[in-house]
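K.L.:
Here is what each chain is made of, one letter per residue.
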Amino acid sequence: MKPKIVSFTLNGRPVDVMVRPMTTLQNVLRRQLELTATKAGCRQGSCGSCTVLVNGEPMAACLLPIEDVEGQEVLTLEGITPLHGLHPIQEAFFENFAVQCGYCTPGMIMVTKALLEREPRPDEATIREALSGNLCRCTGYQAIVQAVTDAADRLHGNGGVS
Amino acid sequence: MSVQNYYLPESLGEALELLARYGPDLLVIAGGTVAMPLINEGVSTPVQVMGLRRTGLDEMARSNGNVKIGATTTLTRLLEESPVPLLRTAARNTAAWTIRNMGTVGGNLFSPPPAGDVAVALLALDAEVTLTGSGGERVVPLARFWTGFMTNVMQADELVTAITLPVPTGKTAYIKYGRKQAHTPAVVTVAAHLVVEGGRVQQARLALGAVGPHPLRCPQAEAVLTGSELSEDAITEAAQTAAGECDPFTDAIASEWYRRKMVPVYVARALRQIAQEEAAS
Amino acid sequence: MAKHRGVGMAAVNYPTGMNLGGDPSQALIHATTTGTFVITLSSTDLGQGLKTVIAQIGAEALGVPFENVLIDTADTDTGPHCMGTFASRATHRVGNAVIRAAEEARKVMFEVASEELEVAPEDLETDGQGNIRVKGSPEHSINIVDLALAAHFKYGKTISGRGMYIKPKSEVDPDTGAMDPDSTEAHACTVAEVEVDDETGEVKVLSIKSAYEIGRQVNPKLVEGQIQGGSLMGMAHALYETTAPYYPAIDHAPGGFNEYIVPGPQDQPEIESVVLEYPSVNGPFGVKGVGEMTANSPIPAIINAIHDAVGVWITELPATPEKILRALEEKRKEEERGAE
Amino acid sequence: MTKQLLNVVGQSVHRRDGMGHVTGRTTFVDDIQFRDMLYLKMVRSPVPHARIRGIDFSEAEKVPGFVRALTHRDVPKNIYTILCLIGVGPDEEPVLAEDRVLYKGEQIAAVVAESEEAAVEAASRVVVDLEELPAVFDVEEALKPDAPVLKPWGTNYFIYDYEYGQSNPCRKVRFGDVEKAFAEADYIVEGRYQMSPIEHAPTETTGCVVKPEPDGRYTVYTNTQALFFTLDNSALILNIPFNKLHFVGGTVGGGFGGKVDVIVEPIAILAAMKTGRPVKYVFSREEEMRCSSTRGAWRMYFKDGVMKDGRIIARKVTTYADAGAYNRHTPYAVTKHAANVAGPYSIPNVWIDAYCVYTNRQPGSAMRGFGVTPASFAVEVQMDRIAHTIGMDPWELRFINAYRNGDVRPHRKVVEDATLIETMKAAAQLVGKELPEHLLAMNSWDREGGHHG
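Chains as they are written, first to last, in our numbering: chain L, 139 to 300; chain Y, 59 to 339; chain R, 69 to 408; chain P, 18 to 470.
No lab work stands behind these hints: they were computed from the structure. Computed from a prediction, not measured in an experiment: that's the story for all the values here. Here a beta-carbon is modelled for each residue, glycine too, at the ideal position from N, C-alpha and C. One or more hints might be untrue.
[Claimed, not checked] List of simulated lysine-lysine pairs, DSS-like, C-alpha gap at most 25 Å:
#1 K430/P / K71/R
#2 K238/Y / K401/R
#3 K401/R / K391/R
#4 K430/P / K237/R
#5 K238/Y / K71/R
#6 K391/R / K71/R
[As the list claims (entries may be wrong)] Non-contacting residues of chain P with respect to chain R, defined by C-beta distances greater than 10 Å in every case (computed):
#7 I72
#8 D73
#9 E76
#10 R142
#11 V156
#12 P162
#13 G233
#14 G293
#15 T335
#16 K430
#17 P453
#18 H455
Let the hints inform the model, and build the full structure from the sequences given.
P.N.:
Okay, here's the thing in structure tokens:
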């Protein structure tokens with residue numbers, strides 16, 4: 139069990155990490171790099187709280203051996219948070235009370251980011267389907283769905299077709 | 059003992075060499091969606107692991123009336139790019155976006171029931187599995203791939219490299235009945251492919267998931283349908299026959315009793331979908 | 069074989085606070101020389117929004133802007149005792165403690181302002197905008213930052229207050245069960261509409277509509293959050309959730325969210341509500357509490373709606389499709405026996 | 018309604034912690050780590066009831082990274098009960114099992130290691146020699162004479178009122194004379210209701226991180242719902258002065274009652290005391306599901322006497338809370354249940370026996386609705402069944418029987434802030450249910466009708 143070095147791009151910056159084989163991306167982010175926005179709700183791939191974007195695709199960081207992201211681009215919630223203020227998706231979640239305990243929130247926001255890049259104007263059914271791998275025990279989802287719609291408005295203006 | 063080596067071969071040849079070296083001691087993963095939760099919990103403690111993400115086995119191609127799907131094609135690509143609507147529906151009904159971005163078509167053959175929703179559709183489409191080993195390739199009909207719960211006909215040195223199916227000529231239906239709308243295990247999954255000509259069923263293929271040790275074909279129910287009109291009577295008889303051909307189990311989602319009850323209901327619903335589509339065309 | 073719609077209702081009460089009382093909470097308030105009023109607690113926010121509503125209650129009670137109130141909570145070295153966040157007690161108990169602490173702090177504020185503005189304390193009022201002013205003469209006022217500076221540097225006073233709330237512990241009479249089991253009672257009435265598939269026993273909840281009476285809403289959006297989340301949790305209890313799918317047997321206990329069914333975004337029905345406010349006598353600004361009760365009334369409302377739809381009483385939760393199907397089969401058999 | 022001019026109470030201001038949550042900068046317990054931190058994993062019972070004959074750590078000790086194991090012998094006051102702080106006793110739950118386990122998943126021994134992986138592996142290599150015993154899972158079976166006895170005092174039920182020198186097998190409420198009223202009733206409506214055990218399923222699992230400090234104290238970062246409650250219990254279990262412990266929390270990724278238990282903290286503090294290093298003990302999702310407390314199941318039997326005009330004149334209820342293997346909060350939940358199981362209705366004759374029963378199940382505990390959720394479920398389905406039986410609209414039945422301010426409830430408290438009728442009217446309006454005039458005329462202050470200002 140020799141440690142090895144894995145290199146990838148994290149939030150736009152190159153990183154090299156020394157890891158034991160098959161360490162999950164989740165553990166590398168949370169324990170090694172101390173980027174804890176990516177949560178650890180189940181480590182079974184079933185709650186969505188650890189969702190990150192790999193080359194723009196939402197993936198469960200708990201199921202991803204770090205070696206698999208060698209040379210890839212990983213984006214976490216830390217990577218979309220601007221220096222000052224909030225990203226429009228973050229603003230929408232904040233303003234719409236789409237946040238209660240906050241534990242599922244990072245995963246929800248990352249899926250929203252990937253969704254709105256593909257579909258600038260998703261309808262409600264599309265939003266719910268996109269978020270179907272992300273569980274929230276507190277909010278009952280309505281505020282989250284509203285926040286995603288609102289985020290689309292903030293990103294793309296609210297004059298377009300809905 | 060923790061994982062000693064995690065190999066990510068860059069080609070099929072490299073992967074086969076590793077397999078030849080370690081044999082059954084090498085855990086093969088693709089998307090990791092089945093194996094990783096068990097490893098995270100400490101339930102599974104593999105020492106040598108091989109990941110297939112970089113092997114380039116993710117080609118999806120159509121030729122000579124066949125669709126060939128590379129084993130590591132993700133379920134998202136199947137959903138977005140498959141030329142076969144039934145497979146797109148099956149992919150859409152499997153897990154959730156995040157997991158579909160990781161899970162693969164080949165891996166779905168190894169998902170223990172009640173998972174394996176895409177495999178059910180492949181079975182109804184008469185898919186064949188290409189197994190590649192040190193001795194070369196062989197092709198096995200998917201219907202003969204599984205031998206029991208989590209067992210199959212593969213040799214220790216073989217990998218599933220592709221799944222090939224004829225482009226469906228008939229009409230298809232797919233229903234997954236789970237307790238939630240999405241991201242949930244199946245109570246029962248039904249996939250059907252029927253060729254109807256002149257008002258009669260010329261060819262019938264019916265596959266069930268989550269009601270046996272692996273996805274099942276229903277030859278007797280298929281026989282009931284073949285040659286008959288797709289009438290309500292025939293549908294009911296086929297549905298009842300299918301109930302006798304499954305081997306359901308009890309888990310946290312549903313009991314054996316309930317699963318057996320749901321087989322004829324959902325087989326009939328799937329067949330009625332086709333009948334309605336047939337009537338409309 | 070068909071889908072049947074049904075409507076069911078349920079009306080419930082919910083008691084606030086630990087059942088038999090004896091569950092204290094304390095709050096300390098002090099003003100810094102920046103005009104910040106620090107409310108020190110050891111209470112926890114579970115996501116319901118305690119830190120926010122307590123800041124609102126504190127700002128209101130102090131008469132200062134919300135932005136000037138800081139909640140410093142959940143450190144047992146610095147925060148005074150709180151029994152904990154449960155029993156729908158936090159807003160009620162901690163809110164009351166904060167109001168009492170604020171009263172004490174306000175007294176000092178008014179003493180200092182009285183010296184600075186040269187009027188009697190009883191002639192002063194807060195404007196909620198950060199000033200203390202002379203009643204009827206708002207141009208005569210002092211900003212709370214200046215006030216805090218003056219208190220500290222000029223008069224040697226701390227603007228601070230201590231607050232405590234405890235409902236005395238009630239005893240239970242062993243023979244009659246006589247006791248005092250609540251501080252106040254909140255109420256809910258839920259109407260659920262369902263669609264039941266009589267071939268599979270599947271239930272689809274179409275809507276959960278409720279009225280709540282919770283004394284006073286400190287923050288309507290946070291109340292709405294409790295209602296939305298609680299309604300969905302109630303629906304899940306009614307239809308999906310169990311750690312023992314074959315109770316009382318312990319087999320097939322779910323080990324994760326794959327098997328333990330918590331509704332996802334696509335499983336949420338329409339959830340709508342109205343909130344009535346009949347302020348309670350003993351709650352802070354009349355608050356009763358809303359946290360727990362929102363998950364209660366949907367359960368019987370859904371069970372009653374299932375009966376309305378297909379005529380069977382499912383009295384063992386969760387009302388799985390299997391239980392409904394078995395009940396429907398039993399009912400059909402009875403009807404056949406009755407017809408003979 | 019009193020009108021009060023308020024500035025910020027009543028306003029939907031934004032969450033104070035919202036910015037932290039949407040940026041992921043809020044610190045939850047599992048986000049905390051220290052450089053020399055150890056991980057704790059639990060060896061758990063694989064069976065629901067067994068005698069422990071021995072524990073062998075020899076294979077676990079060989080795992081690279083293994084630091085030490087803890088058993089009940091290491092716990093100063095191993096047997097405790099959470100609610101001792103409010104006078105509920107006797108102590109009956111081991112922090113770590115001694116000679117017996119009473120539920121599948123019960124904590125037997127802790128393993129502390131340098132990494133989580135090593136801790137998981139070492140825990141899996143601990144061999145526990147168990148002699149399996151007959152188990153009981155059903156509350157009524159557990160009360161039968163031939164059931165395996167689970168408690169040292171020889172019964173499978175909690176004994177109430179020992180503080181009054183009594184030993185009652187249940188919490189009793191007696192109000193009026195139900196038997197006399199049953200004899201007078203036009204209808205008798207009976208029902209059996211069964212709640213399921215339910216997991217709180219917060220998205221953040223239960224956990225803590227304990228850090229030894231240079232001054233000999235221990236800082237405990239925890240997601241408990243009740244800091245002092247957990248601190249006090251931990252100090253009692255560890256037999257150390259309360260002021261040796263410093264709890265820091267306040268940010269909880271969903272609780273719903275599941276984080277009121279005192280399970281992870283005492284053993285993690287002990288591990289930190291024994292190793293002198295920071296220790297993390299966070300439940301896996303599987304532990305949260307299968308081992309942590311549930312909302313206990315509940316079985317309830319109702320017998321109601323009802324008049325043709327819809328008045329419920331008697332309600333007799335026998336209920337059994339399934340506490341699982343240990344008290345946790347269930348004895349107290351049963352009292353709350355008993356206070357509410359007649360429902361928000363004025364019924365002149367009420368008889369309640371509410372039992373707290375032990376079974377070989379993972380313990381039940383507090384959850385959103387604590388004892389009232391099962392009561393509301395049973396009462397409100399029972400109300401519809403009564404309405405169905407006597408041929409009355411379920412709304413009308415509830416209006417007729419709804420408690421009014423000034424009424425005396427079965428627990429003798431005079432009702433002072435009832436608004437059930439007003440709430441039902443608002444719900445009816447919301448859904449477009451037309452209520453007849455005589456119901457619309459009712460209110461919660463005057464049984465004879467009229468208007469409340």
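K.L.:
Evaluate each hint against the coordinates.
P.N.:
Checked hints:
no.: 1; hint: K430/P / K71/R; result: violated (46 Å)
no.: 2; hint: K238/Y / K401/R; result: violated (30 Å)
no.: 3; hint: K401/R / K391/R; result: holds (15 Å)
no.: 4; hint: K430/P / K237/R; result: holds (14 Å)
no.: 5; hint: K238/Y / K71/R; result: holds (18 Å)
no.: 6; hint: K391/R / K71/R; result: holds (17 Å)
no.: 7; hint: I72; result: holds (23 Å)
no.: 8; hint: D73; result: holds (26 Å)
no.: 9; hint: E76; result: holds (25 Å)
no.: 10; hint: R142; result: holds (21 Å)
no.: 11; hint: V156; result: violated (8 Å)
no.: 12; hint: P162; result: holds (19 Å)
no.: 13; hint: G233; result: holds (14 Å)
no.: 14; hint: G293; result: holds (21 Å)
no.: 15; hint: T335; result: holds (14 Å)
no.: 16; hint: K430; result: violated (5 Å)
no.: 17; hint: P453; result: holds (15 Å)
no.: 18; hint: H455; result: holds (18 Å)
Comparing the model with each numbered hint stated earlier shows that hints 1, 2, 11, 16 do not hold.
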